[in-house]
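Asker: Build the full structure now, drawing on both the sequences and the hints.
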Amino acid sequence: MEFNPDGTSEAEAMHWLFGPDEEMTGSTKEGETRETREVALPKEETNQDEAGTTTQPGEKSLNEMYYRCRAAKETQSKTKNIELGDRMTVGQEIESSEIGIRGKFEDVKDTLRDCFMGSRIKDREKTVNQNVSMSVDPRMRRCIVCENNHDVMTGDKRSKGFLLTDQHSYEKMCGDSTCLTVIRIEDGGLLELTGLLEEIVGSARMESETIIGLGSLSYLAKVGTTCYCTA
Amino acid sequence: MLLYSLEWIDCVEKIRKRFPYAQLVPLAPIPLGEMSGSLAVELVQLAFWYSKIYEGSVDGLQSTWTALVRLLTVKYDSGVVKDPTTTRVVALPSSLRVGSAMVPQRFTESHEIIETLEISQEERLQLLRVLRGALAKDFGLTGVLSSNVGKDKCPEDAKEIEKIAMIGASNMARTAEILKDMGYSVAEYRLKPRLISVAELEAIDKGLNSLDKKDSAIVLDLHGNLSYRFEQLDGTSALPVKISGKHHLLGPVKMVEESVVKSMISRTKSLLQGGSGITTVFVPPIPRYINGGCCTDEGYSTNVKDKDYGVKMLEGVKHVRKIFKKELAGGQSWVLDPLSILTDRGIGGNEEVLSELGPLFCDDNVHLTRTGYERLAKGILDGITKSIRMSKIRLPYGQTWRGSGWRRPSGPTGGAAGAPA
Numbered sequence: 001m002e003f004n005p006d007g008t009s010e011a012e013a014m015h016w017l018f019g020p021d022e023e024m025t026g027s028t029k030e031g032e033t034r035e036t037r038e039v040a041l042p043k044e045e046t047n048q049d050e051a052g053t054t055t056q057p058g059e060k061s062l063n064e065m066y067y068r069c070r071a072a073k074e075t076q077s078k079t080k081n082i083e084l085g086d087r088m089t090v091g092q093e094i095e096s097s098e099i100g101i102r103g104k105f106e107d108v109k110d111t112l113r114d115c116f117m118g119s120r121i122k123d124r125e126k127t128v129n130q131n132v133s134m135s136v137d138p139r140m141r142r143c144i145v146c147e148n149n150h151d152v153m154t155g156d157k158r159s160k161g162f163l164l165t166d167q168h169s170y171e172k173m174c175g176d177s178t179c180l181t182v183i184r185i186e187d188g189g190l191l192e193l194t195g196l197l198e199e200i201v202g203s204a205r206m207e208s209e210t211i212i213g214l215g216s217l218s219y220l221a222k223v224g225t226t227c228y229c230t231a
Numbered sequence: 232m233l234l235y236s237l238e239w240i241d242c243v244e245k246i247r248k249r250f251p252y253a254q255l256v257p258l259a260p261i262p263l264g265e266m267s268g269s270l271a272v273e274l275v276q277l278a279f280w281y282s283k284i285y286e287g288s289v290d291g292l293q294s295t296w297t298a299l300v301r302l303l304t305v306k307y308d309s310g311v312v313k314d315p316t317t318t319r320v321v322a323l324p325s326s327l328r329v330g331s332a333m334v335p336q337r338f339t340e341s342h343e344i345i346e347t348l349e350i351s352q353e354e355r356l357q358l359l360r361v362l363r364g365a366l367a368k369d370f371g372l373t374g375v376l377s378s379n380v381g382k383d384k385c386p387e388d389a390k391e392i393e394k395i396a397m398i399g400a401s402n403m404a405r406t407a408e409i410l411k412d413m414g415y416s417v418a419e420y421r422l423k424p425r426l427i428s429v430a431e432l433e434a435i436d437k438g439l440n441s442l443d444k445k446d447s448a449i450v451l452d453l454h455g456n457l458s459y460r461f462e463q464l465d466g467t468s469a470l471p472v473k474i475s476g477k478h479h480l481l482g483p484v485k486m487v488e489e490s491v492v493k494s495m496i497s498r499t500k501s502l503l504q505g506g507s508g509i510t511t512v513f514v515p516p517i518p519r520y521i522n523g524g525c526c527t528d529e530g531y532s533t534n535v536k537d538k539d540y541g542v543k544m545l546e547g548v549k550h551v552r553k554i555f556k557k558e559l560a561g562g563q564s565w566v567l568d569p570l571s572i573l574t575d576r577g578i579g580g581n582e583e584v585l586s587e588l589g590p591l592f593c594d595d596n597v598h599l600t601r602t603g604y605e606r607l608a609k610g611i612l613d614g615i616t617k618s619i620r621m622s623k624i625r626l627p628y629g630q631t632w633r634g635s636g637w638r639r640p641s642g643p644t645g646g647a648a649g650a651p652a
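Going down the list, the sequences are from chains A and B. The first sequence begins at 1 in our numbering and counts up one residue at a time. The second sequence begins at 232 in our numbering and counts up one residue at a time.
Calculated from the structure, these hints are not laboratory results. Keep in mind that this is a model prediction, so the values were computed, not measured. Do not rely on the hints blindly, as some may be mistaken.
As the list claims (entries may be wrong) - Mimicking SDA-like on lysine to any residue, the simulated pairs with C-alpha atoms at most 20 Å apart in a straight line are:
(1) B/K245 / B/I284
(2) A/K157 / B/Q254
(3) A/K104 / B/L348
(4) A/K109 / B/I284
(5) B/K245 / A/R205
(6) B/K283 / B/K248
(7) A/K160 / B/G482
(8) A/K109 / A/K160
(9) B/K538 / B/G482
As the list claims (entries may be wrong) - If we take Cβ atoms under 10 Å as the criterion, some of the chain B residues that face chain A in the derived model are:
(10) E238
(11) K245
(12) I246
(13) P251
(14) L255
(15) P257
(16) A259
(17) G264
(18) E265
(19) S269
(20) A271
(21) L277
(22) S294
(23) V429
(24) L432
Note that CB positions come from ideal geometry on N, CA and C, so glycine has one too.
Answerer: Encoded structure:
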């Protein structure tokens, strides 16, 4: 994925990354427009979520777009083809009921309060249906979960590690002196996660000795049951 | 699994090209909620593949995978034993190069696949701590902590304590391993079994002096090996005797006498001054010989078949702990209650406690199982937390905290035990 291919500003290129009260437009089908949304909700409000459950003040509620993307992603899980980079496409049909792990962002929504959270259906022309949670504001590349509000790419307090994962990890990892940047995609794949990192980092340079931790349990659950033989 | 591993290789290539100075490492998951047994099997296979593919390199975070596999294996071992065992063959890439050859790997299953596995909140926290430790150890990323820890009921010490100095023998060594797995930096001072010399204590004292008072804690288990004895013909007690490499009790098993406990405490206390001002947890003798004696030979541990043997031993353990509490608790010192820690119901009837303690012992009736040491480690962390909290309580002028209540310093105006504020 090339960053900023058409010479637009970084903020424009990150068209899907939504801040509070920010609205963007995109396309769900060719030629059709749709509204885009944000997910970072006010912290001290009583809300009603998709399932009609009323949340308490301070508790985070997930909006309609979250549920839409999640449902679409679960439908995608039944796909017969699984892309492996540019090289090959293999796979088989997997029923969603066979997917062997429970647990979604919704189950830990109260822990998402301080994180950047959002959803997008499309990444440019490609349908992605991503729900993301990040410890960084992707537009400014600044940490939003620690007190320092530091730049994650440069400076003394730059992040020494990026953890790319799905919902099966903690949403933030920060201490007094060190902070890791946690980027999560609900039910995200490995290439999907690395693609998102590239998108966020953009043209910035990653310093030496930076570690990138990568793993997705939900993706293992999705693709793991293929290609077995039993002796 | 194959698809996952192939995609991993793609990611390695992608990261290498885009971020040539960064290092990609496999991140072990911290499972949220219930997972299927077959997924657990795949996780174990994935951990195996990572350990094989990264063998000899410094790609780190191995300990997090080890902890995850251990956790899953323990859960699996409680399942139905399979007869005969099944062998699964999985083709996996032989290297991290794109297009590398597939090599069949054989995995043997000795248990039926469990339908579902539940990872508890506490187990998730444990994995988080291991991750924290691995980040510090493998990559020098110290001080990293998820702020979720407080919400997940992690002992508050996790935020305050960086280093734990553990002084004791084999029980402390095994507990130290668990604390290390949980991400704590542990300094061990190993005592020789059943022999504490003045020189040894002086050396330890020197080590304690070097600890940073602010973020360190000391755990002392000095008397465990000295507290379980056998009664001699003249009524006095003696320490176990080493015969053919094993310690034996040559008569009826009994706990050490009160006067000896007090003497041991006072002598060691006077020698260990280096730890003053540091959060300290004292571990009174952990129960031993509850299920039986030193061996099955009827000539040794002659009273273990007595009807009330177990109950008497428990009473002895409780009594010695009371002395510890009276002599040592207060200020920044906390005395653990091993029975409560190990059984979660130390206040229950003796019979109930005995039945819960039983499965926690190894065959030697001295050492605990891994579950036992895990409980002990958790109890120690709780003890550290309580000790820190206690030390933060501001007392009215001139008063000091003692385990049994408020006391004024003795002197012309000071009384003995005062009333609680």
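Asker: Please go over all the hints and tell whether each is borne out by the structure.
Answerer: Checked hints:
Pair hint B/K245 plus B/I284 holds up; C-alpha atoms about 18 Å apart against a cutoff of 20 Å. For the given pair, A/K157 sits about 19 Å from B/Q254 by alpha-carbon distance, which is consistent with the 20 Å threshold. A distance of roughly 17 Å separates the Cα atoms of A/K104 and B/L348; the hinted pair therefore holds under the 20 Å criterion. Our distance criterion of 20 Å between C-alpha atoms is broken by A/K109 and B/I284, whose separation comes to about 36 Å.
A distance of roughly 15 Å separates the Cα atoms of B/K245 and A/R205; the hinted pair therefore holds under the 20 Å criterion. In summary, the hint linking B/K283 to B/K248 is not supported, as the alpha carbons are separated by about 23 Å, beyond the 20 Å threshold. Simply put, A/K160 and B/G482 have alpha-carbon atoms about 61 Å apart, too far for the 20 Å limit, and the pair is violated. For the hint linking A/K109 to A/K160, the alpha-carbon distance of about 26 Å lies beyond 20 Å, and the restraint is violated.
Note on B/K538 and B/G482: the hinted pairing holds, with a Cα-Cα distance of about 17 Å set against a maximum of 20 Å. The beta carbon of B/E238 comes within 5 Å of a beta carbon in chain A, closer than 10 Å, and the hint placing it at the interface holds. Hint status for B/K245: holds, given a least beta-carbon distance of 5 Å to chain A, under 10 Å. Because the beta carbon of B/I246 sits about 6 Å from the nearest beta carbon in chain A, less than 10 Å, this interface hint is met.
Here the hint on B/P251 is kept, as its CB sits about 9 Å from the closest CB of chain A, short of 10 Å. Look at B/L255: its Cβ gets to within about 5 Å of chain A, closer than 10 Å, so that hint holds up. At about 6 Å, the closest approach between the beta carbon of B/P257 and any beta carbon in chain A falls short of 10 Å, and the interface hint on this residue holds. For B/A259, the shortest C-beta to C-beta distance to chain A is roughly 7 Å, which falls under 10 Å, so the interface hint holds.
Taken as an interface hint, B/G264 checks out: its beta carbon lies about 3 Å from the nearest beta carbon of chain A, inside 10 Å. A cut of 10 Å between beta carbons decides the hint on B/E265: the least distance to chain A is about 5 Å, and the hint holds. Here the hint on B/S269 is kept, as its CB sits about 6 Å from the closest CB of chain A, short of 10 Å. Annotation: B/A271 was flagged as interfacial toward chain A, and the flag holds, the nearest CB pair being 8 Å apart, inside 10 Å.
About 6 Å separates the beta-carbon of B/L277 from the nearest beta-carbon of chain A, less than 10 Å, and the hint is met. Interface hint at B/S294: violated, since its Cβ lies 13 Å from the closest Cβ of chain A, which is beyond the 10 Å cut-off. The criterion of a C-beta within 10 Å of any C-beta in chain A is not met by B/V429, whose closest approach is roughly 40 Å, and the hint is violated. For B/L432, the interface hint is violated, the least distance from its beta-carbon to any beta-carbon of chain A being 35 Å, above 10 Å.
Hints 4, 6, 7, 8, 22, 23, 24 from the earlier list are contradicted by this structure; the remaining hints agree with it.
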